[in-house]
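Peer 1: Sequence:
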Amino acid sequence: MPIRLPKKTTAVETRSPAPPSSKRKEFYTVAELAFRWSLSQRHIRRLIDNGDLVVHRIGRAVRVSAANLALFEARCAQDL
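For the sequence shown, the residue numbers in full-length UniProt numbering are 1 to 80.
Some hints could be false.
What the hints assert, rightly or not - Ranges of calculated distance between the beta carbons of each label pair, as one might list FRET restraints: (1) 77 with 29: 16 to 26 Å; (2) 4 with 32: 39 to 49 Å; (3) 66 with 38: 17 to 27 Å; (4) 80 with 51: 12 to 22 Å.
Think of the hints as simulated: they come from the structure by calculation, not from any bench. For clarity, every value in this text was computed on a predicted model and none was experimentally measured. A virtual CB, placed ideally from N, CA and C, is assigned to each residue, including glycine.
Given these sequences and hints, build the entire structure.
Peer 2: Next comes the structure, spelled out in structure tokens:
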């Protein structure tokens with residue numbers, strides 16, 4: 001059975017996705033930080049609960065900003 005198209009069709013403009021930018025991510029998930037630091041997600045959540053790592057909560061989502069990530073990593077590097 002042939003496919004029937006509507007009699008009136010309009011052209012739809014499509015955009016190609018934006019090319020990936022070279023700038024850093026603005027926010028990171030707990031899973032991304034666990035992978036980045038080779039730690040468990042549970043350990044990352046403990047850092048958050050202890051107040052060592054500052055997060056932004058959007059609904060139930062927990063995100064760490066790139067600025068807070070840089071501050072935390074700088075503090076940890078000084079402790080070495």
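Peer 1: State for each hint whether it applies.
Peer 2: Hint check results:
1. 77 with 29: 16 to 26 Å: Holds, since residue 77 and residue 29 (Cβ atoms, about 22 Å apart) stay within the stated range.
2. 4 with 32: 39 to 49 Å: holds (47 Å)
3. 66 with 38: 17 to 27 Å: Holds - the Cβ-Cβ distance for residue 66 and residue 38, about 19 Å, lies within 17 to 27 Å.
4. 80 with 51: 12 to 22 Å: holds (21 Å)
Consistency with the previously given hints is maintained throughout, with no hint failing.
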